[in-house]
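Chemist: Residues per chain, in single letters:
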Amino acid sequence: MFILPGALLFGIVIILASLQTVWVSFFDWDGVGEMQWVGLSNYVQLFDDAQFYVSLKNNLIWLGMFMLAPPLGLALALLLNQPIGGMRIMKSLFFVPLVLASVTVGVVFTWVYDPSFGLLSLIFGYFGATAPALLSDEHFVTFAVVAAALWPQIAFCLVLFLAGLNNLSEDLIGAGRVDGARGWPMLWHVVLPQLREVSFIALAVTVIGALRSFDMVAVMTSGGPFGSSTVLAYQMYEQSIFSYRFGYGAAIATVLFVIMAVFIAWYLRTLLKPEQENA
Amino acid sequence: MYPRPIPEDSPWRRTAYAAMVALVLILWLVPLMAVMVTSLRSFEEVMAGNYWGWPKSFNFVENYTAVFTQTAMARYFLNSLIITLPSVIGVLILSTLTGYVLSRYRFRGANLMFALFVGGNFLPAQIMMIPVRDLMVSIGLYDTYYALIVFHIAFQTGFATLFMRNFIAALPDELFQAARAEGASPGQTLVHVVLPLIRPALAALAILTFTFVWNDYFWAIVLTQSDAVKPVTAGLSNLRGEWVSAWNLVAAATIMVAIPPVVMFFLMQRHFIAGLTVGAVKG
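Here the protein sequences come in this chain order: A and B.
Sequential numbering from 1 applies to the first sequence in the numbering used here.
Sequential numbering from 1001 applies to the second sequence in the numbering used here.
Each hint should be verified, as a subset may be incorrect.
The list that follows gives simulated cross-link-like pairs (lysine to any residue, SDA-like), each with its CA atoms no further than 20 Å apart [stated by the list, open to error]:
id, chain 1, residue 1, chain 2, residue 2
1, B, 1056, A, 122
2, A, 57, A, 260
3, B, 1056, B, 1070
4, B, 1056, A, 57
These are computed hints drawn from the structure, not numbers from a lab.
These numbers were taken from a predicted model, which means no experiment stands behind them.
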């Protein structure tokens, strides 16, 4: 009985709503009036929509570039994992991007990228070159947005790996040292296998982060210039809220849902596999 | 310890190491520091393009007063508090109840229910945008504090349930057997046995939920419209559109948005890190 309020609320608002999205995607709907059954026509349109492929491609760029976050987070963790006075506060400062709102990160980086006075133009100017206006260049814009989004994501991976490094088995490390392992072989054969679980989590969190990307796009570019930096989540938002094509938006959301489901299935299988092997 | 600790008897190497870390840290935080410094600059300086150098004059009081008096930022800030605090309390209450039941009682559908709580966590929020917005419009909550509070409680309860279930499941069985032997009802057990023991978990969950809800932007723009209810994140992005060239004020507003979660983080860092790693590891 205690479980009822939580379960009901979560069931209705989260689970039911997600399923309802699939249902809505078979209708033509402006969000207010009557819903009209159109079958698969939203999907037919979608697979014919050039913008859809731009979003899909950008989601892949997000995913690909985000894969840098776990190794960079690990590298930072290795750098910072020293028991020296003052390191605690240093580590905390490294974590700060993680707790910033994505809007904050977006505003901060819009500013770094500012073509006339931004940090980037300052650096380019130092070498006598002119900085490209990254956020208004359709070829660079997505990379620039992802680079900004990587900042908190690396901090997240850093937190996870620092926790992982603290749980390493001293015996194994000691044995490795006795056997003369150091540098790369040590990291690769002795340390990384022990970080498998943490790495897997860092990877999962990163993939989810990449697929969820919305805030940064909305804040930094609104999908522009000319829709060149949209991702599926943003395209769905734009189609529904600005163009009142809720059925079409729902179809985009459903595609995102399917991509996510594939990933969740992979995640759960990998997570459950070692348990079965042990049994 | 890995990597091998730098020996204590080599002060020179220790200093070199500390200097290197400090340098990396400065590079890491340079964008944020520049925004902080710029929030102190005068408008003339910003117009002249001095974004990164040392400020010529310090306008701390002027800029932050201007943000409070000339923009709706104070209102947004208050809105964020009005939305975030009840959400955190709601999540704590609901997830303690669900986590307690799911960890201590076996019943039909328990596993399925738990799987749904966990699975729902993975969904990108955008997937449920259309029905949730429609629901809020039809029950008259759209563009009110309640829309965001109700949604955040519902969404965060998924993660929080997972968190609480694992924490309560790790408590020793003997406690519960003893409570039952004493004839305590499930409710009494919850209040007198479980609650005193889960304080650290509640603290961790409170700080995590606070950060998530405070930083939310997507639902803020989907479920609210008017300045009277809009939280700081949505407010900041509005402000940026209106005050295009007054970067010193935008910078001050940005810092205002960042301060509550950063302060919370530094105050409760141990809980935050523990919560994040435990939550992620178990998830």
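Chemist: Against each hint, give a clear statement of whether it holds in the structure.
Modeler: Consistency of the hints with the structure:
1. For the suggested pair residue 1056 of chain B and residue 122 of chain A, the alpha carbons sit about 19 Å apart, so the restraint of at most 20 Å is met.
2. For the suggested pair residue 57 of chain A and residue 260 of chain A, the alpha carbons sit about 16 Å apart, so the restraint of at most 20 Å is met.
3. Proposed proximity of residue 1056 of chain B and residue 1070 of chain B is contradicted: the alpha carbons are some 24 Å apart, above 20 Å.
4. Annotation: proposed proximity of residue 1056 of chain B to residue 57 of chain A is violated, straight-line Cα distance about 45 Å (limit 20 Å).
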